[in-house]
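So the protein lines, in turn, are chains U and Z. Going left to right, the first sequence walks through residues 1 to 139 as this note's numbering numbers them. Going left to right, the second sequence walks through residues 1 to 313 as this note's numbering numbers them.
Hints listed in this document are in silico derivations from the structure and should not be mistaken for laboratory results. Do not take every clue at face value.
[To be verified] Label-pair ranges, simulated between beta-carbon atoms:
hint	chain 1	residue 1	chain 2	residue 2	range
1	U	H17	Z	S89	23 to 33 Å
2	Z	R199	U	I106	41 to 51 Å
3	U	A116	Z	R299	52 to 62 Å
4	Z	S77	U	K82	21 to 31 Å
5	Z	G233	U	H17	27 to 37 Å
6	Z	G254	U	I106	52 to 62 Å
Glycine included, each C-beta is placed from N, C-alpha and C at the ideal position.
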Amino acid sequence: MKRPIRVVMAKAGLDGHDRGVKVVARALRDAGMEVIYTGVHQTPEQVVETALQEDADAVGVSLLSGAHNYIFPRIAELMREKGMDDVLLFGGGIIPEADVPALAKIGVERIFQPGASLEEITKYVRDAVPKRRGIATGA
Amino acid sequence: MAATATGDLVARARAGDKRSLARLVSVVENDDPGAAEILRTLYADTGRAQVVGVTGPPGGGKSTLVNNLAGAYRERSSRVAVVAVDPSSPFSGGAILGDRIRMRERFLDEGIFIRSMASRGHAGGLARATARVVNVLNALGTDVVLVETVGVGQEEVDVIGVADTVCLVTVPGLGDDIQAIKAGILEIADVLVVNKADRPGADETVRDLAQMLSLAKDHPWKPPIIRTSARSGEGTRELVDAIEKHRAWSAGSGEQVRRRRAAARVEVEGLLREALLRELAGRVGESRLAAAVARVAERSLDPYAAVEELLRG
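Chain Z with its partners taken away, still in its complex shape:
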């Protein structure tokens, strides 16, 4: 994309044109020519919106909950963007992006922009470009960005690098109290949500989570446990209050700055790694690399020595 075309898109998106905004998101998502320029243009304006992550297992009600949250934030007259990630097929690369099904009542709301993203082979619960897409939406007149991850298991914690507040949505009946003290996703939750709280077993789930939290007394923030029933909308108000409370604490305690600094480090290190790899690949050259790989495969050279040799030459 030519420089002027990118500039035009940014100008039109700033004026509120949703189609231009949608195009900008695509350029950044696909890493098309112009993506770096867009992010460079917008970067100074990012960091203004409140970014709320919603993560949890598949079928736990994340999309319905995001729909409710979007409605609640709209009542406060905030402009809301939703980025909803669903998995790509490891075989075909295709995807069914179905999160919108639960958000239909928001489709025609002028103050809401919804974008579905496929994970495109990235494993951390988000797509590789999700943070960049959130930055675009953040810079272009959004007050709240809701980021919904793919349905996750125990280890997909990328959302912590994107969101100011992470809501972990769980449901009754997924496991016993040992599940609740394992490392991983539970550790990144700022707000714990027990959804489908009208179902049997909700009390036990709440109790297990509360016990888990009681073991982490030294943490300065104690995640509240909110019961919701996404279908009826019950608990939405309490959830918004909990998110707001975390936001106030985060801003006041320096946690927000710490988190944004950690996220910036991940972003810069990632780009640096890519750039260094590109430069190294150019310097080493495919023929030397292939020769070394062949020797490693036939066991006449060990992989560590191969790397040393390639870097020396």
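Chain U extracted, bound-state conformation:
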């Protein structure tokens, strides 16, 4: 059964820079995905609860504030608590290379840094979701 991939795109924490996340949301839309956009200043709790109620396949979090070493671990922890192991967590923004391995270890499978292309991001979501969910999707 083919159906569109559902992605929650969020801005978490005290960070109002939403230009990038909107561009990515639009690109995923144009790739045939259903993108749930929740706006800026979300808490990790809000992001995870949204992904749960929307039965999202993936959660993409944009962070340009430097709070990534708090916010990502908290989101990953909440997702684990709620048994959302089959939901993909990825991120993007100003995140130093040195922090990426530690984030990968706690479950942020992929971080897109400045310069990443929209094709790259779209292809990643399209390939990684079916693997994680064990399903066929249409997008």
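Position chain Z against the provided structure of chain U, taking the given hints into account.
Chain Z only, in chain U's frame:
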């Protein structure tokens, strides 16, 4: 999905597990295997919740108003579900579902469940599966289901088949009094909402709507006109009162039964049509169909005769 897995999901959702509820909604939305079984299991328990539709043009403030309504119903300690529909792209099939942006203060409320739906090519203001999703939420411990349509124009009236009460949200400045007497969406409104009532032109909009209503004197229910300012929350209480008044009238006058019967007819006829088409397609066969289509295209057979021939054989 295997029968037992579906049964487990229903049991866990009944016990209040939101993730299982979210999964059930997906199965029904995608018409995955198990969807029919879920609806069959739950159907007897549907029809208990109050279903309120909110429709109107894009940018009129529907999502903000739904957020306010959800808050007001929560104050009465009702458990609330929101189904918010946004359009799918006719080109890619993708969608940006942005109604949640206006509902953030409700995200962590234990008594609220919010689900965004893409219209997936359906044209009536809702997705094809919206009525079924509402049924799932209805059966699983919700008191009020708020259904927000895509931003609509004049003719997208599917919400009447889902909601017990339809609120039509309009805003000042969208057109003159002739717009207000046209057929279509205005006719399905049980409650008329003039949102952004703090803006210039609100009085004229209210007046045009009131005039339109005065021409429909024979209708047993006269839709009230409520002024709201969704951003400040002004008018929310009056809107809830108007919805409740309509509900009481609808239940007492037999309108609710009539409406639910009409909706059931649409649902059964739709399923029947799909089933008949499937059976017919099997009986006619692709090769005979293709042959007939080719003759119609080269004008050696007219389409009516083609259908007669295909049904006879």
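Here is what the structure says about each hint:
Checked against the hint of 23 to 33 Å, the C-beta distance between H17 of chain U and S89 of chain Z comes to roughly 26 Å, which is consistent with it. The hinted range of 41 to 51 Å is satisfied by R199 of chain Z and I106 of chain U, whose Cβ atoms lie roughly 48 Å apart. Checked against the hint of 52 to 62 Å, the pair A116 of chain U and R299 of chain Z passes, with Cβ atoms roughly 55 Å apart. For the pair S77 of chain Z and K82 of chain U, the beta carbons lie near 25 Å from each other, so the given range of 21 to 31 Å is met.
Roughly 29 Å separates the CB atoms of G233 of chain Z and H17 of chain U, a value that falls within the hinted 27 to 37 Å. Under the hint 52 to 62 Å, the C-beta atoms of G254 of chain Z and I106 of chain U, about 59 Å apart, fit the expected range.
Against the hints set out earlier in the document, no violation occurs for any number.
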